[in-house]
Amino acid sequence: MNHRTEIRFLLNGRDVAVKDVEADATLLDFLRLDRRLTGTKEGCAEGDCGACTVLVGRLQDGQLIYETVNACIRFMASLDGSHVVTIEHLRGENGQLHPIQQAMVDYHGSQCGFCTPGFIMSLYALWMATPEPTETEVETAIQGNLCRCTGYQPIIAAAMAANRYGTPANDFLIKEREAITDRLIALRDGRRVVCGPKDNQAIVPSSLDDFADVLAEFPQATIVAGSTDVGLWVTKFMRPIGPAVFIAHLVELKSIALTKGALQIGAGVTYTEAQESFCKEFPHLEAYWDRIAGQQVRNMGTIGGNIANGSPIGDMPPVLIALGAEVKLRKGSVTRWLPLEDFFIEYGKQDRAPGEFVESISIPRASELQRHGAYKISKRRDEDISSVAAGISVTVENGVITECRLAFGGMAGTPKRAAAAETALTGQPWGRAAFTAAGKALEADFQPLSDWRASAEYRITVARNLLQRFFLAHDDQSAEAADLLSA
Amino acid sequence: MKHDKITKAIEAVSGTVHTNRHHDSAEKHVRGRAEYCDDIGEPQGTLHAYLGVSSVAHGLIKSMDFSAVFAAPGVVGVLTAEDIPGVNDISPTGLKDEPVFPTEKTEFHGQPLFAVVAESRNAARRAAELAKIEYEILPHTLDPLEAQEAGHPFVTAPLKLERGEIEQGFSDADHRIKGQIKIGGQDHMYLEGQIAFAIPGEDDDVVVHCSTQHPSEAQHMVAHVLGVPSNAVTVNVRRMGGGFGGKESQMNLFAAVAAVAAKKWNCPVKIRPDRDQDMTATGKRHDFVVDYDVAFDETGRIQAVDGVFAARCGYSADLSGPVTDRALFHADNAYFYPNVRLRSRPMKTNTVSNTAFRGFGGPQGVVAAERMIEEIAYALGKDPLEVRKANFYGEAGDGRTLTPYHQEVEDNILPRLISELEETSEYQARRSATLAFNKTSKIIKKGIALTPVKFGISFTATWYNQAGALIHIYNDGSIHLNHGGTEMGQGLNTKVAQVVADALQVDFERIKITKTTTEKVPNTSATAASSGTDLNGMAALDAAEQLKARLTAFSAEHWSVEPEAVIFRNNMVQVGQDVVSFSDLVRKAYVARVHLSAAGFYKTPKIHWDRAAGKGRPFYYYAYGASCSEVSVDTLTGEYRVERTDILHDVGRSLNPVLDKGQVEGAFIQGMGWLTTEELWWDKAGRLRTHAPSTYKIPLASDRPRVFNVNLADWSENRELTIKRSKAVGEPPFMLGVSVFEALSMAVASVADYRECPRLDAPATPERVLLAVERLKAGG
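Residue numbers (this note's numbering), protein chains in the order written: chain A, 1 to 487; chain B, 488 to 1267.
If we strip away everything but chain A, and leave its shape as in the complex, we get (with noise of 0.2 Å):
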């Protein structure tokens, strides 16, 4: 076997070769321990907090992009051609601070300094590719960032000031972006890299057949996308994860195609790189889309692993199911379609066979007769796990409701269609008494758990209501204000 075994990438301004790279060998703790870079901090280790915030440079069709990456959860052996870029290596000119730098202090963004470069990072990119961005704007750059001394005003007022200091086109990434393109074009070299212990093997498929063949050989791998799930797995509950194969480079599950019928997207793709395309084709999901996670996790999680894992309170699921997803599954050269709602057996069970691989998702355009509506619950509004989420669509012809959708997250063991619910809706004339009934109705179709996310009463009650909230939404003869926080 011709398989390299080794992973190779650009750490900041070096070539870096690492030999016997096991599945589970986390960036952060090759940054801290190994190179003693020492600037990204462990706060979490779960991709919360945002202390381990790095950039991560990558070619995506012949173009250099950097995005933020949580490294205490991103995998040493998912770097393999990319760029890596930490606080140690941020400057300015001539031995200054770099502006991003020079803002944080003038501002007084930084009380402890303990979050400080991993804001710094995440203002960067946002700086780099939105030189003068709105509150909003920071504010979702730093979703994944916590601060505990600040109270974030500070932190806010430098992003805002940043580009006074000192503006993109004389940034040292931007300046040195063709010679990085150029080392990173030379990492490449087609092959599969295979490295690590037969029990703690780490695989990098060099395409999307030869993923295929590497499942067939190891059908019982674990297979790591984005890592914002897998990579808990690992910091938190310390489970094995070898041999594990390691496929967000693969172009192949990285397209995006609107069709005549559909929506098409490979499993490959993040919610970063989805966002547009859906918000497009599905504006009812703009709102929705800020409210999952924070940057980091949306740079790295694919919307084809918030399937696969199968997790109960997805964000994504529930609202495919309303839209009426189907999910194509690979073993091999085989492939199969179904329904997505089908594809969720119960808790911790899925329809996919060992070797078989979650390929694409294909999502039906909306038309015109149709009403959406995508709503999450959570105890903080922004990067949190939901309590409930919900997809609902609903056709309506000559005033009658001849067809809905009616998925949730967070109200049974998988992301599931509310049936009692939908019949309750179908064929009744719109209004506000066929939502109340099929809000009755949801009581027949959950049995919600309470747990630390939300107590069941508070999962039925919500989830009542937020058909209410559609209703309302979408009612001509509503004055109403629709949705508070997406406002």
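Simulated from the structure, these hints should not be mistaken for lab results. There may be inaccurate statements among the hints.
[To be verified] Computed list of lysine-lysine pairs in DSS-like fashion (alpha-carbon distance at most 25 Å, straight line): (1) B:929 x B:665; (2) B:619 x B:647; (3) B:583 x B:647; (4) A:331 x A:198; (5) B:1264 x A:236; (6) B:1264 x B:869; (7) B:619 x A:236; (8) A:198 x A:175; (9) A:440 x B:929; (10) B:869 x A:440; (11) B:669 x B:1035; (12) B:926 x B:549.
[Unchecked claim] Listed below are several chain A residues computed to face chain B (Cβ distance under 7 Å; list not exhaustive): (13) 112; (14) 149; (15) 238; (16) 462.
We put the CB at the ideal spot given by N, CA and C, even for glycine.
Let chain A serve as the given structure and place chain B on it in line with the hints.
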């Protein structure tokens, strides 16, 4: 003439007092070059410890089998209670109720029982899961009410504060309301978790680098556990990545385990729990259940208050005594209670032992006081602000200045402060607009509240109110500053260096701020109770004044002038007609054998406290503040948004306004988080299920008020002789978050036309808000 020169000098020297100056480590923070404990380079051979914990909430430990642990890769050994050469106890108040590792029974889920020591942290952590521990399960009790019913003991002696004629007060009053409020706890969620790194030395010596607010206590605990004198133990801390009270006593366990392991294996040993273990194995803010009984007249003026404050203290006392005391000290907040009885119930529960957290019980007392105000307002159909004003402490001679602990309130500035904020926040107009909005808006409801804070400054353990500092002037004129306080982000080192720069009239940059170490200043108090600058600033000033006096005496002699003719200004010293640079003077003084090192000391005057009698003057002074918040609530989901907050806060004459403002803003957001989204949730088995940021939700940038106006009351000056007439700022603004809680309450009350107090418990999560809305809609 002379006055002018001095004024110019003050302008000319950089970083002096009463000026804005960025945090001294700001540039290191933004470069990622500020060193935290985990960033210190590890000597070869460093071992790592990880805690193994209990999987039951209460049980006898029948056996512990470590065979699988020993067999795990990289494991060097296991540390248990038997390995402790000294005393197996780290109780901070000396009650001997908190072992490093328990030997007979475990008293909460997640209690550390042993530590694994291995070649890597990962190896130690994984191996710690492999121990087989057998328990005989005992019944457990999680919350303070259950504990009371189950007849659980107090973890520490309760306190009673009493004044006036309580029975008479109730029987004379027109109105009386009894109620109960549950107030949740709070995790510190400092971004840098607990950590200790011990390096063994010769003889009994050990050096412990530790993220701690209280290096002296860590030193004493390590010595105690090792069975060696304190002079063998050095504890160092350069900075913490946040403390908030969570590192006042909770680091003891980690420091002790690292030190014992380091001595046992004669290797450096580091211990750093992951976030889940940090949150489950270390204490938090106390949850309280407060039963209140309040009597009042038609105008809303309070006649009598009877309050019982039951706290979830956890399995041991830790700091629960002074915490529950402080809850009672603040159960009046800013209000005069003519007849009052307040009692604490520090309940033992099978949960982690709760500890210090910014405000130290005070916030829970304040929330209870404000709940009573709300009750009165809703009962009488009044604006709560009107009820507040009717109950504020008065002025000397009006008979309304005595607190329930018999201290006179002599420095009340709330009337001015409140009226200024009422005006700048346009409270009255916005309240009218809010009421009007709610009349027509069916789904979205608004609320607005303006709440005050009065917070007592000083440790109630009077002996804690002392501090030391050490200043060296090297013969090149550079200055080395050390004091007993610790830096956790609050800018203490910056402020203390400003004091020294001002005293010696040298640039801030000349002063090197160094790590806190028990080697330089002994017997320090915790950097806590907001006292850091008050105490250490004064001690540093004392040291600087001593050095200045010596240099003055030397100059007078050397140049044959009167001491009055020696003036320090702008990095220079004017001696009669001559001017010499500070560095040259130092050089000359050194050659003349002048002692260029000084230890400073300070103790807070005037304070005394008789706990048994419930009388005294526990506080040197009070800090004041007020905030006005407006919220919108979605009554279909319970979700909400803070639309605007205006704050006016009193820091006396600020040493560094921009740093103080940062404290005020940060404290407000943290206080708001405590009362809104930060929820501690235990399951029936006693497991804390909100134990990391994925499940425990502190505020994000998008949670802060959409409009946020924060101002310092720049006209305020401490009437007491504090450092440059400033006031403490760490804790008092935390309670400004109460305005958000009360505004939410008003929005909820609107669904029943404000006829009843919604009695929201804290934290007011979207769930609690929605269920309260539904309850009120259904008619209570």
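Could you tell me which of the hints above the structure violates, numbers in ascending order?
When the structure is compared with the hints, numbers 1, 2, 5, 8, 10, 11 and 12 turn out to be violated.
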